[in-house]
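Peer 1: Listed below, chain by chain, are the residues.
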Amino acid sequence: MSGSYSHQDIQELLGAFALDAVDADERDVIEVHLAACPRCRAEVAGHRETAALLAHRGDTAPEGVWDRIAEALDEAPPALDLARIAPGGDELAERRSAGVLPRSVPLRVAAATMAVAAALTLFVGVALGRRDRGDLNRLDSAVEAMQQAGVANAATVALADPHAEQVKLASTDGKATAQIVRLPDGTGYLMPTGLPALPGGRVYQLWAVRSDAKISLGVLGANPQVSAFRMAGPVVAYAVTDEAAGGVGASQNQPVLVGYVKS
Amino acid sequence: MPTDDIRDTSDAILVVAIGRYRQEALAEAYRRHAGAVFALARRLLVDRAMAEEVTQEVFLRLWHRPDRFDPERGSLRSFLLAQTHGRSVDILRSEVSRRRREERDARETAEAGYDIEHEVVDLAVADEVRAAMDILPPGERAAIELAYFGGHTYREVASLLDEPEGTVKSRIRSGLRRLRTVLVDAGIGGAP
Chain A
1 MSGSYSHQDI QELLGAFALD AVDADERDVI EVHLAACPRC RAEVAGHRET
51 AALLAHRGDT APEGVWDRIA EALDEAPPAL DLARIAPGGD ELAERRSAGV
101 LPRSVPLRVA AATMAVAAAL TLFVGVALGR RDRGDLNRLD SAVEAMQQAG
151 VANAATVALA DPHAEQVKLA STDGKATAQI VRLPDGTGYL MPTGLPALPG
201 GRVYQLWAVR SDAKISLGVL GANPQVSAFR MAGPVVAYAV TDEAAGGVGA
251 SQNQPVLVGY VKS
Chain B
1 MPTDDIRDTS DAILVVAIGR YRQEALAEAY RRHAGAVFAL ARRLLVDRAM
51 AEEVTQEVFL RLWHRPDRFD PERGSLRSFL LAQTHGRSVD ILRSEVSRRR
101 REERDARETA EAGYDIEHEV VDLAVADEVR AAMDILPPGE RAAIELAYFG
151 GHTYREVASL LDEPEGTVKS RIRSGLRRLR TVLVDAGIGG AP
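Each protein sequence line maps, in turn, to chains A and B.
Using the working numbering, the letters of the first sequence map in sequence onto residues 1 to 263.
Using the working numbering, the letters of the second sequence map in sequence onto residues 1 to 192.
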């Protein structure tokens, strides 16, 4: 499609494009072109500035609309997006004076980071593989139950530690939640509530979001219980995603649960 | 940033604060720009309830995706108004309203010829902007008004004005450029 448009053809359409006055197929072609052409992007931005001046200055917004917006903010925690993770206080002050925004951080974890994350990860709460062989199966279950009880007890103790970091995670509908508690030594526990069991082939995965990367803290299984992890250093947010069995190195999925660390 | 400082801060910094989930920053952006957003949506859609919905949607979109706004590309107001315009035009062009509008346009054209002036009759633009519009050649002015305030594509504008599509396309672009030059010379519409 774009092959039939010369640069000049596209330039001639930029005014109409800036006013949303092109057909859908032309819009697609122009958008592809703009991604690679800073000069045309600048022209469109200029046209939009001009159009904004033509618009009605407007009085105050109608009553009630803000209330509806505020209500929508309260009921649904925004989707986790690394682009939102703004820099820390000092950097913010610098950017404040420079008047620029934080740049988007791609939602990918480089292979090197993944290796580091794997080394940092200590996961006890994953579902143990079951073997359909009588006693061995029962023994596995007993070990699993003991481990589970141990993890749950340790989590309860950690919750009482006044120096622990505590974060509440929630789903967008508020039906599923989780409590994270992380001790100063980096040992942390996830206590989920109301997470529905996943169908075969799917697992939950826990992530720590830092300002520069999203680090896997481990695969939680299809029906997660209290789980332990280890994560050193500052964390901006935690998230739980729904992934294919085995987990992934970098998630492209919206989180099922998300919670931000209070600064 | 403390709430007291919010009113003094720039739009760009407001968006940074929105990125940090500061609801009061979104409230301030709303206070500054929602009137213009609503007025543009109302101008295009006429229906008050639909314009309110678009206003709500535009600010929720800013809350969820503040990274979409790049202060190096333009002002927050032009960003929000571009979003408002795009969304309103999408609604206008949805099948039902398109049919209704085409019927209305056909009726008006048949009855009295297309009245360009009715597109701007209640347009409360600043005097400088109105004066700038006035200096445009009538063909450029009509094309821009029908496209921007009427929500028409340039092909529809060409049909309404009975002009070649290429001519309308060029007039929209040249008219916008001319306007910008005039407004920048007048000291408005310069740096975002």
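For the record, the hints were derived by calculation from the structure and aren't laboratory data.
Where is the CB? At the ideal position from N, CA and C, for every residue including glycine.
Treat the hints with care, since some could be wrong.
To be verified - With a straight-line Cα cutoff of 20 Å, these simulated SDA-like cross-link-like pairs (lysine to any residue) come out:
hint, chain 1, residue 1, chain 2, residue 2
1, A, Lys262, B, Arg20
2, A, Lys168, B, Thr9
3, A, Lys168, B, Arg22
4, A, Lys262, B, Gln23
What the hints assert, rightly or not - Rough simulated footprint, nothing fancy, chain A against chain B, three-plus residues with beta-carbon under 8 Å:
hint, region
5, 57-70
6, 170-181
What the hints assert, rightly or not - What the simulated footprint calls covered on chain A by chain B, stretch by stretch (three residues with Cβ under 8 Å from a Cβ of chain B suffice, anywhere in the stretch; the number is not a length):
hint, region
7, 18-28
8, 164-170
Peer 1: Now tell me, hint by hint, if it's right for this structure.
Peer 2: Hint check:
1. Lys262/A / Arg20/B: holds, 11 Å
2. Lys168/A / Thr9/B: violated, 31 Å
3. Lys168/A / Arg22/B: holds, 18 Å
4. Lys262/A / Gln23/B: Holds. Lys262/A to Gln23/B sits at ~15 Å (cutoff 20 Å).
5. 57-70: holds (count 9)
6. 170-181: Since three or more residues must qualify, the claim that chain A covers the region 170-181 of chain B holds, with 9 doing so at under 8 Å.
7. 18-28: holds (count 6)
8. 164-170: violated (count 0)
Violation of the numbered hints given earlier is confined to hints 2, 8; the remaining hints are satisfied by the structure.
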